[in-house]
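Undergrad: Residue-level listing of the chains:
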Amino acid sequence: MTDTAVNLTTKKDWSSDQEVRWCPGCGDYGILQAVQQLMPDLGVAPENTVFISGIGCSSRFPYYMNTYGIHSIHGRAPAIATGVAIARPDLDVWVITGDGDGLSIGGNHLIHALRRNVNLTILLFNNRIYGLTKGQFSPTSEVGKVTKSTPLGSIDPPFNPLSVALGAEASFVARTYDLDRKHMMETFRAAHDHRGAAFVEIFQNCNVFNDGQFSDIVRRQNRDENMIQLVHGEPIRFGADRQHGVTMGSDGQLRIVEVADVGEDAIVVHDAERDDPSLAFALARLSNNDHSPTPFGIFRSVARPEYAHAIAAQLAQSSQQKGPGDLGELLRSNGTWRVADTN
Amino acid sequence: MTDIQSEEGQEALLHRLVVRFSGDSGDGMQLTGDRFTSVSAAYGNDLSTFPDFPAEIRAPAGTVHGVSSFQVHISDHEITTPGDQPNVLVAMNPAALKADLGRLERGGTLIVNEDAFDERNLEKAGYATNPLQDGSVDQYRVITVPMTSLTKEATAPLGVKPRDAERSKNFFALGLVSWMYTRPTESTLEWIARRFAKDELIAGANREAFLAGYNFGETTEAVGHRYEVRPAQLPSGEYTSVTGNTALAWGIIAAGQLAKLPVTLGSYPITPASDILHELSKHKHFGVRTVQAEDEIAAIGMALGAAFAGHLGVTATSGPGVALKSETTSLAISVELPLLIIDIQRGGPSTGLPTKTEAADLNIAMYGRHSEAPLPIVAAYSPTHCFEAAIEAVRIALKYRTPVILLSDGFIANGSEPWRLPDVDTLPDISVPFAREFNGTDADGNDVFYSFQRDPDTLARPWAIPGTPKLMHRIGGLEKADVTGNISYDADNHQRMVNLRADKVARIADELPPTVVQGDADADVCVLGWGSTWAAIDGAVQRRRRAGNKVAWVHLTHLSPLPNDLGEILRRYQRIVVPELNMGQLSRIVRAEYLVDATPLTKMQGLPFTLIEIEDAIDIALKEVTQR
Numbered sequence: 001m002t003d004t005a006v007n008l009t010t011k012k013d014w015s016s017d018q019e020v021r022w023c024p025g026c027g028d029y030g031i032l033q034a035v036q037q038l039m040p041d042l043g044v045a046p047e048n049t050v051f052i053s054g055i056g057c058s059s060r061f062p063y064y065m066n067t068y069g070i071h072s073i074h075g076r077a078p079a080i081a082t083g084v085a086i087a088r089p090d091l092d093v094w095v096i097t098g099d100g101d102g103l104s105i106g107g108n109h110l111i112h113a114l115r116r117n118v119n120l121t122i123l124l125f126n127n128r129i130y131g132l133t134k135g136q137f138s139p140t141s142e143v144g145k146v147t148k149s150t151p152l153g154s155i156d157p158p159f160n161p162l163s164v165a166l167g168a169e170a171s172f173v174a175r176t177y178d179l180d181r182k183h184m185m186e187t188f189r190a191a192h193d194h195r196g197a198a199f200v201e202i203f204q205n206c207n208v209f210n211d212g213q214f215s216d217i218v219r220r221q222n223r224d225e226n227m228i229q230l231v232h233g234e235p236i237r238f239g240a241d242r243q244h245g246v247t248m249g250s251d252g253q254l255r256i257v258e259v260a261d262v263g264e265d266a267i268v269v270h271d272a273e274r275d276d277p278s279l280a281f282a283l284a285r286l287s288n289n290d291h292s293p294t295p296f297g298i299f300r301s302v303a304r305p306e307y308a309h310a311i312a313a314q315l316a317q318s319s320q321q322k323g324p325g326d327l328g329e330l331l332r333s334n335g336t337w338r339v340a341d342t343n
Numbered sequence: 344m345t346d347i348q349s350e351e352g353q354e355a356l357l358h359r360l361v362v363r364f365s366g367d368s369g370d371g372m373q374l375t376g377d378r379f380t381s382v383s384a385a386y387g388n389d390l391s392t393f394p395d396f397p398a399e400i401r402a403p404a405g406t407v408h409g410v411s412s413f414q415v416h417i418s419d420h421e422i423t424t425p426g427d428q429p430n431v432l433v434a435m436n437p438a439a440l441k442a443d444l445g446r447l448e449r450g451g452t453l454i455v456n457e458d459a460f461d462e463r464n465l466e467k468a469g470y471a472t473n474p475l476q477d478g479s480v481d482q483y484r485v486i487t488v489p490m491t492s493l494t495k496e497a498t499a500p501l502g503v504k505p506r507d508a509e510r511s512k513n514f515f516a517l518g519l520v521s522w523m524y525t526r527p528t529e530s531t532l533e534w535i536a537r538r539f540a541k542d543e544l545i546a547g548a549n550r551e552a553f554l555a556g557y558n559f560g561e562t563t564e565a566v567g568h569r570y571e572v573r574p575a576q577l578p579s580g581e582y583t584s585v586t587g588n589t590a591l592a593w594g595i596i597a598a599g600q601l602a603k604l605p606v607t608l609g610s611y612p613i614t615p616a617s618d619i620l621h622e623l624s625k626h627k628h629f630g631v632r633t634v635q636a637e638d639e640i641a642a643i644g645m646a647l648g649a650a651f652a653g654h655l656g657v658t659a660t661s662g663p664g665v666a667l668k669s670e671t672t673s674l675a676i677s678v679e680l681p682l683l684i685i686d687i688q689r690g691g692p693s694t695g696l697p698t699k700t701e702a703a704d705l706n707i708a709m710y711g712r713h714s715e716a717p718l719p720i721v722a723a724y725s726p727t728h729c730f731e732a733a734i735e736a737v738r739i740a741l742k743y744r745t746p747v748i749l750l751s752d753g754f755i756a757n758g759s760e761p762w763r764l765p766d767v768d769t770l771p772d773i774s775v776p777f778a779r780e781f782n783g784t785d786a787d788g789n790d791v792f793y794s795f796q797r798d799p800d801t802l803a804r805p806w807a808i809p810g811t812p813k814l815m816h817r818i819g820g821l822e823k824a825d826v827t828g829n830i831s832y833d834a835d836n837h838q839r840m841v842n843l844r845a846d847k848v849a850r851i852a853d854e855l856p857p858t859v860v861q862g863d864a865d866a867d868v869c870v871l872g873w874g875s876t877w878a879a880i881d882g883a884v885q886r887r888r889r890a891g892n893k894v895a896w897v898h899l900t901h902l903s904p905l906p907n908d909l910g911e912i913l914r915r916y917q918r919i920v921v922p923e924l925n926m927g928q929l930s931r932i933v934r935a936e937y938l939v940d941a942t943p944l945t946k947m948q949g950l951p952f953t954l955i956e957i958e959d960a961i962d963i964a965l966k967e968v969t970q971r
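Chains as they are written, first to last, in our numbering: chain A, 1 to 343; chain B, 344 to 971.
Any given hint could turn out to be false.
Label pairs and their calculated CB-CB ranges [said to hold, decoys possible]: (1) V6/A / N782/B: 26 to 36 angstroms; (2) D156/A / R537/B: 31 to 41 angstroms; (3) K12/A / H837/B: 51 to 61 angstroms; (4) D224/A / D787/B: 22 to 32 angstroms; (5) R189/A / K625/B: 47 to 57 angstroms; (6) E169/A / A834/B: 46 to 56 angstroms; (7) T10/A / H837/B: 45 to 55 angstroms; (8) G335/A / L501/B: 24 to 34 angstroms; (9) M926/B / S149/A: 34 to 44 angstroms; (10) K11/A / D787/B: 20 to 30 angstroms.
Worth flagging that the hints you see were computed from the coordinates, not collected in a lab.
Bear in mind that the values here come from a model prediction, so they are computed numbers and not experimental data.
Backbone N, C-alpha and C fix where the C-beta goes; we use that ideal spot for every residue, glycine too.
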């Protein structure tokens, strides 16, 4: 594409002719809007873009994008997307998944795609519930959650998706939420521009089976007190007057403090680009519930060798050493002998 | 050894010879057998091999379940099997003797490493008394050789420590057998120098051990005189020796070239399929991408993703992996993308007998998916046929945009035979065009791309790959509307799509060549085979016909769809014998398809059929026919 500032496509070019069929009021609509609105700004072409999803409400997403796409199998999107990405490093490959799809049935593929650092932009819609199967608890549901399959409350401790991603050596990890199109677009853009596997957790409201799960954090009146916006290179502060901050004690523990009490210099400066993931990990675990201050934005963004690039490098190296493949030569590579014509 | 001819020279001629090298898992028997094979292949014999080894990498030394064997059949005429009974057994320890003595032909030659027959090893093998002294081996021609100590002596001047020297005793055995059966030595010596170039001491030890064994034969009267198996009169041409898995990997590379597509293999290590991953990983200069996936499901997922993106997607596995891949196979059937799924069958169910052969995955290949999910199945019948079978499977996958299962098994995967190299320029072009343009018009008169608008002949849908302008489309596991490919829950549409998917696979039969009936087409008894039973059936049918019986033989390479003329052919015969390394899977299919009275000959021992087993079954069928 061109590097001029003029967009060659519009939002309409990225929208398919298929009727969107999520429940009215679903958080997925906002995410779809954000992605469709962002795409023209990225300077890429619909024909060079692929959306791959698994199974679940969020996984209907590719049907609504006027790009190439696969609505695949429960949990397997990262594996199928890996195949696309290694075959065709020229493509932009997006993975759309959910908390059940990506962290339960497909957990293995997700962590290995992140480990390999395949050039994928992975959007995990986290609504802490199974929506498509009508309301069972998910691997991110809190302990005690009462659902159809857990009438006495869930006894399964949940995953923290960002901890999982960081533990799987992800080179890009971010969090955003379905109510803020601008925040989503900024986060998705950074994830898209990252070379390698980019993992974005989206707090997404399921208004039918788990309505208001994130309200204490993301509802407008709660944002000042409970949303912490991470900005690379800046002190981690929040509150209407940026009066709260995050410090790291000598025990390595992050704590929420009043800036006035500890002084500005004591506040941790966010560094998403440090090689050591321990700060990102600590930030990911700053809150263990949906009712207290929770960080958003880019937790980690570091450069690591990208997988398809490494494959291509080995192909090039092999071609350089052995020349182009010659079938006749291959069949003779074990050594041959001749049987003479007896006539 | 009944085939001996006297000659004026020092060597007596044999028409054929079956040698079984048998020892501990750590004794290097596979390597030894492999060398004997390579030398014999280069010498011009026809041959067939049967590596037979345990699943444990190093089972407790000296135990019977840790025995690893390599059987090789060489001849001066064309053969297909590794031989029912060895003429020569090389037993490196008591456990090997215990495991394999029963296979040795009566009066056969038994070569034993007597150093290994100490009290401890005898006990580990479960011998109460020494079988070399208690009459157990009296009916054989026994040659006892202190291989371990002679190897130590031979290598001591190089400064090799006794413990290291012991590891070279397999080369002593190889040297001795090479002398006995007049095998050329140069190529083995060259091979040792090359293979162990990095460690001079090991190279030297193996060389000295080999020469010591060879010279032992020459100087010791105990061994007697030499034999020779002259080169076979094979059709003229250039030959190499390959295992089935190597030929299959080369077939995939060839198919990629013939289709003008890069190959992407997703694979998870599993015995006995891993060698396909290993072999393909060596040939990246052909543009072959290989990924060792995190699991079997990811492996096929990656292959399917690559296929969507315009590559030849391949995954290779064995039975347990086929089970895990089932859901993605169904997706590939539903989205109608080309994909090659290779199943190197092994003993099952579950982990079963991972290193032993079996051909009991026909049912899972045919039916092992949810709902109605037919796909084409191609079966390789010999190590060298794997090359051609891979190309044929890929041809079908590409032309009809469908996953294809290619069946091989442990026997042909690890077995090797000489292969007259095909002229690569005569291999078929199997390329298919990608869709580039709109192919329809919508209700408003706009040009559009319909992702499920089918080719009227093949019923294949267009293959439009990402990067192609205008043809953006979404595919998925939900039922698709005929033509448009949009999601559809319409009742009639679902029926139509189920029918179309089945019809597409069925139509492949229309282009298959007429079924070949080998042997006597006008016989009363027909043997119906598939896969690796080919070798034993070939030998058995030949023997029965030489004995004056009429026998017909049909060997299937396409199991789905079955050839159009198969029913008509089978109905001509009064008896149909179906030898299978399963409990009668093909026989039930042909009974259901054609209402013919097919009699299964089954075997589930982790071993291929012997000629005798199939010959006996043919005999019974012949007798039943004449008694009627």
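Undergrad: It remains to establish, for every hint, whether it holds in the given structure.
TA: Right, here's what the structure says about each hint:
no., hint, verdict
1, V6/A / N782/B: 26 to 36 angstroms, "holds (32 angstroms)"
2, D156/A / R537/B: 31 to 41 angstroms, "violated (58 angstroms)"
3, K12/A / H837/B: 51 to 61 angstroms, "violated (32 angstroms)"
4, D224/A / D787/B: 22 to 32 angstroms, "violated (50 angstroms)"
5, R189/A / K625/B: 47 to 57 angstroms, "violated (41 angstroms)"
6, E169/A / A834/B: 46 to 56 angstroms, "holds (48 angstroms)"
7, T10/A / H837/B: 45 to 55 angstroms, "violated (36 angstroms)"
8, G335/A / L501/B: 24 to 34 angstroms, "holds (28 angstroms)"
9, M926/B / S149/A: 34 to 44 angstroms, "holds (40 angstroms)"
10, K11/A / D787/B: 20 to 30 angstroms, "holds (21 angstroms)"
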